[in-house]
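*Asks:* As given, the protein sequences belong to chains G, L, X and V, one line each in that order.
The UniProt record's numbering puts the last residue of the first sequence at 401; the count rises by one with no breaks.
The UniProt record's numbering puts the last residue of the second sequence at 401; the count rises by one with no breaks.
The UniProt record's numbering puts the last residue of the third sequence at 401; the count rises by one with no breaks.
The UniProt record's numbering puts the last residue of the fourth sequence at 401; the count rises by one with no breaks.
Think of the hints as simulated: they come from the structure by calculation, not from any bench.
Careful: at least some of the hints might be erroneous.
[To be verified] Derived DSBU-like pairs: lysine-lysine, alpha-carbon spacing no greater than 35 Å straight-line:
| # | chain 1 | residue 1 | chain 2 | residue 2 |
| --- | --- | --- | --- | --- |
| 1 | V | Lys52 | V | Lys17 |
| 2 | L | Lys388 | X | Lys17 |
| 3 | V | Lys216 | X | Lys216 |
Number of protein chains: 4
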Amino acid sequence: MSIDLSYRPEVVELVAKTEAFIAEHVLPVENEFHGDITAAGGDDIRRELNAKAREAGVFAPHAPVEFGGLGLDMSDRAPVFEAAGGSTFGPVALHIGAPDEGNVHMLAHIADDRQRQLYLAPLASGEVRSGFAMTEPSPGAGADPNALNTLAVRVDGGWKINGRKRFITGADGAGFFIIMARTSGAAGDRGGATMFLAPADREGISVDRHVHTTDKSMIGGHCEMTFTDVFVPDEDVLGAVDEGYRYAQVRLGPARMTHVMRWMGSAVRAHRVALDYVDQREGFGGRLGDLGMIQQMVADNEIDLAAARSLLVRACWELDQGSHASDATSIAKTFGAEAFTRVVDRSIQMCGGLGVSEDFPLTRLANELRPFRIYDGPSEVHRWAISKRAVGRARKTRTGN
Amino acid sequence: MSIDLSYRPEVVELVAKTEAFIAEHVLPVENEFHGDITAAGGDDIRRELNAKAREAGVFAPHAPVEFGGLGLDMSDRAPVFEAAGGSTFGPVALHIGAPDEGNVHMLAHIADDRQRQLYLAPLASGEVRSGFAMTEPSPGAGADPNALNTLAVRVDGGWKINGRKRFITGADGAGFFIIMARTSGAAGDRGGATMFLAPADREGISVDRHVHTTDKSMIGGHCEMTFTDVFVPDEDVLGAVDEGYRYAQVRLGPARMTHVMRWMGSAVRAHRVALDYVDQREGFGGRLGDLGMIQQMVADNEIDLAAARSLLVRACWELDQGSHASDATSIAKTFGAEAFTRVVDRSIQMCGGLGVSEDFPLTRLANELRPFRIYDGPSEVHRWAISKRAVGRARKTRTGN
Amino acid sequence: MSIDLSYRPEVVELVAKTEAFIAEHVLPVENEFHGDITAAGGDDIRRELNAKAREAGVFAPHAPVEFGGLGLDMSDRAPVFEAAGGSTFGPVALHIGAPDEGNVHMLAHIADDRQRQLYLAPLASGEVRSGFAMTEPSPGAGADPNALNTLAVRVDGGWKINGRKRFITGADGAGFFIIMARTSGAAGDRGGATMFLAPADREGISVDRHVHTTDKSMIGGHCEMTFTDVFVPDEDVLGAVDEGYRYAQVRLGPARMTHVMRWMGSAVRAHRVALDYVDQREGFGGRLGDLGMIQQMVADNEIDLAAARSLLVRACWELDQGSHASDATSIAKTFGAEAFTRVVDRSIQMCGGLGVSEDFPLTRLANELRPFRIYDGPSEVHRWAISKRAVGRARKTRTGN
Amino acid sequence: MSIDLSYRPEVVELVAKTEAFIAEHVLPVENEFHGDITAAGGDDIRRELNAKAREAGVFAPHAPVEFGGLGLDMSDRAPVFEAAGGSTFGPVALHIGAPDEGNVHMLAHIADDRQRQLYLAPLASGEVRSGFAMTEPSPGAGADPNALNTLAVRVDGGWKINGRKRFITGADGAGFFIIMARTSGAAGDRGGATMFLAPADREGISVDRHVHTTDKSMIGGHCEMTFTDVFVPDEDVLGAVDEGYRYAQVRLGPARMTHVMRWMGSAVRAHRVALDYVDQREGFGGRLGDLGMIQQMVADNEIDLAAARSLLVRACWELDQGSHASDATSIAKTFGAEAFTRVVDRSIQMCGGLGVSEDFPLTRLANELRPFRIYDGPSEVHRWAISKRAVGRARKTRTGN
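Next comes chain G alone, as it looks inside the complex:
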């Protein structure tokens, strides 16, 4: 027999524990503060929830075992993170939110021993948060990462970094940053980027303002930053010089997939709210759930969720095999992001006037999910990449090169 899609009992159990934890400890807080993590207390509520998660045995299931995590591979993370996504505060509570989760993943792959102790250990334990400073305002690295124009120049004993960044998730309150800067080549070149580690209080690092977006659950916001003559010693170069784009790939594929996992949880939740509503509400001579147009929306939600989950399982398995899985992760991300907004939109529609009211969490979830079709590469950029590879493979099959 070839295929196996079953999860180990430990994973199944962890999913159940996570669901219970979210329902008991996290959802009530989210609902009280209408999904606004800042209003709920920011890092204070984070530490409180982290402590409870640790107690419940569900904290940081992805982190390396040596740092107190459970060391789950990508395949096993999928159902657990989806369960955590059952509340928009779940990822913060379990310490598996962006960007920390992706940064833990990348540091575990690339950091040297000293960096692991200094940066990874406190990050994995939740002692500090982190930022990943890659995206830039126009005309820098936005949807097109090759346009990178934050510069790092060689100085005695290290590098000096200058540039502006935007949409740096979690920047406000982060303990340290991973900074992507150009060390060779010109803006537009594919190559010549390097990653640097720097504590947040390093001179020249400034968090200028929050870019307020429709999602409200990411602690530390999405910020604009300036790096002015920031000195980074050689020992804080992450991996090798000029290898930044390659490392970014190590981070991007998995980070895309954990986004899909968490946001799948939001979409599933919206769908369940609608299911309960249409099963109980009467109208037009019967239950709403017995009306054909409602049934079509229910079924389309089920189909979208099933397809997104299947594509996610595929991409995670490829990543676990050691592949970059560029195609599979682009496909799962693009389909997932679009499917989730469809699912929440249908759920709103099924609930009628209450669906667009704050009595229900649905519009809040819609506003959390909408940006996902843009974050981590807009759908259009992923489609461009998927298409280029598909045409390239066809040409290779046809012509041999």
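Given chain G, put chains L, X and V in place with the hints provided.
*Replies:* Same frame as chain G, now just chains L, X and V:
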């Protein structure tokens, strides 16, 4: 020659004046308060903007001439109201927002002389606002108006009304209400409803709470109300007893179309924000506006807007001919509401990260427009009605009855 | 009052006559031969149906009055041509099919007196058919007309034409051709094209083969042709030298719209077949027409047809005003072509297994309509043009130029 | 580690052999006869291709080992059947087409020893073909199987069957039939059906006519049949009396999935035709494959194919675990059928005029695939079932029953 789609010069001029007024006096206020009319001052800002609109010659263009309006028919309202929709505060500023605009329209058709002086005159002039108390919480009249179960019983000299209402737009601060109540038949019957007029301070009328929704531009909110032994004298029955559903039809078709007009303005505005962005922003080796996937979104916006506008023109012309135009207004409303959310969604996507930020007005417009697929009859209810009529016509053609 | 959407009584009457003619004389023939005009007898059946149409007073309603037509403008053609489209043989029967209808339209605008007598008169009366030889195989003028590379070179007393053409509708059996050839500039240039008239038996003109496509109702097929040293005297140059692209615009906008009219008729027919089916067929405890998912398809068909018709009315009115109506015709064509395939597809789905069988005409209609998203400019080319103009207008508004 | 999505080397090798066999022996025949299996010779060409398939080691890979097959489980069938679907004649060539493949599957599960020798053995070897007589004309069992009204009444030593059937695939030329008939209950009841085996030449069995549909690759067509006093002895009852609906479930889930596999092959083929075209054809100043709107279509095809494949893998795994997999197979079938028609439609659009011509196989593939949204349960019926189960699960979670 058969067809004429041109507007009279007076209308063209009024559109231009309205556009200028919105840009100069209304948009700045909306932007300052992020589109929240309550935060902007509620009725205070309304009166201030109304005064300016009067001065600019654009106030209440739909109101009867005898009450100081311009008496525009539905066809001519279309381009003017669309221009007013260029700001989400525009309808309030011109006093052409829901529910007042529809109430003016209905009272002008149905009210007797005394009622015209007492209710219509101060409403048309903007002295007071009004509410239309029809929708009820489950199991009452929601998407299915026949489920009406607010009751009016005959008492000496008039009627006594009891019941609960929900989503009563503009209720908080309204000067009077038009109350829809059952005067015969049981819940579920098509018939037996009557409309009543009552000042807001009449004993037994209570505005209990705001149902907070994603749209923030409608003054007085969407409220839950209780009517407890509310006495309405016979002289305040609007039209004839038991004719409420028929009068509601007089109101609903035109009210649907003015919604389309105003929200068309929002969609056009979102599209223009995106057009300016993609024309100026560089990426992937050129202007965004030269990329095929962006061009597809631009073109789809143009097509959606053109189709919605054409359907609106058709429906308005039918209404002006004296028809109920049930089909044409259902089609224009359903297509329009769905098209506008598509247009705003594409506009967001074209603007990338800024599109989901408060730096741009787009997510605000998305939240204003989303409920329109539910308000004034969910798309599903309109589709059900459109289909029933289409099948009925086909049967009649086939069988002769 | 601004807007008028009513048709004159003469037009209304002509529509009724056309519907009756189609039902009595044309549909039976189409159904007998499963929609294959060649199998039905080609030009023999055409002449027979033309005679009957003349007798019924519905022949060539678009042709100039001086040539025996009714001289309808574009607005009035719309409902008449739609009625003719009620059978796929209708356009041939009324002599309003492509390319003859468009050629009549263009010749009436551009031809000189001699050419009117020699070419337009016999074409308008149906004595002969014609071809419009513009499209070329790759790398010539396909979706991109600027790639034109059929060449006409100056010779004594006229021009000599060489080149290959493809998808020349009606070529097999045509009496004469309008040939588009490059008279200046290189392939890729916007300009330098000229139109030439030539009898089909002129030396060097060869109809090489039919390109068999899914549509079967166009008489004379879609052919590949070769022009080898074809001599055209100066007097058969149509209009001025190097003005071919401009004249093509005269033809293309209206020709697009008459395509929409005719194919609208096919879509309406498919919808009616489905309406009759779902109204009569029982299943799942009731009539199919009472099931919500069926009602959704019925309503979506109604909406699509209404929107397409409204966009068509708009575009025709603009054309009648003397505008090129590039935007309005591109929008109506693109929306219409896509809407019609959706309508037929839903109609098939509603009829279940019979829908995909030859017992019903639906798959035949689907195969007739599918190419319309490609013919007369693929949707993608129209979207590209619509987008370019929209961005250009926005820039002009913003910057003043 | 939890998940494994890799195929065993034997399966990978069989896929490669199947692809090679299709390319060398099957596609040329299909192309010569434009995909019409009847025109290609019907059972004669089937036997010829079967012999070649046996020689190539790719014949009947799903059949039980004891009958000369390879005994592949559902998971392993998926990539092999997809490869076979690379030609529309592939399933006939490998003897894995409907309905024989599903009948082999069901007989292998249910038939007793005598029936295995008499019916399954010659069917598995390709000596004879078979029919599955379940679907009926209105008002019988169509999309709604409970409406079954072919009756079997008890007679001495067996049963006597009367009724009409429609869309019986492969009936013309079949060696025997599996007949579904009501043995208890009334039309509309869920239950009381029994399956019967009968040789095609049994008295009273009549194949009346072919219902001609758009698909042309299924040998023996889709036929209307009459059963008049057909006697079936007790020993030819398949399984137990009154258990027909339960057995149908055994057949339907897997049969749906093998349809998805085969038709996936058609969709992949169409996509490859388009990929090769857009990679080579020039236009608009570059290769078509570099234009954004084309890239979007390419990417959407890739996404649709990947999602359909992932859902299929999931459903097959569930079936292999012994589940009925009602949800997973309904979802994979519904999504797959709709995705495949989208994929072929986009492929046509990418190829322009040639796409709708017989020069390319695309419209042929579109006509093969269109019925799949209706065959094996229309999308609407699957959505209804998916929705009912989803609402039911939600209620159970909420209320405990």
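*Asks:* Determine for every hint whether it applies to the structure shown.
*Replies:* Hints, verified against the model:
Taking the CA atoms of lysine 52 of chain V and lysine 17 of chain V, the gap is about 12 Å. The hint holds against a cut of 35 Å. Between lysine 388 of chain L and lysine 17 of chain X the alpha-carbon distance is near 28 Å, which keeps this suggested pair within the 35 Å criterion. Of the pairs offered as hints, the one joining lysine 216 of chain V and lysine 216 of chain X holds, with about 18 Å between alpha carbons and a cut-off of 35 Å not exceeded.
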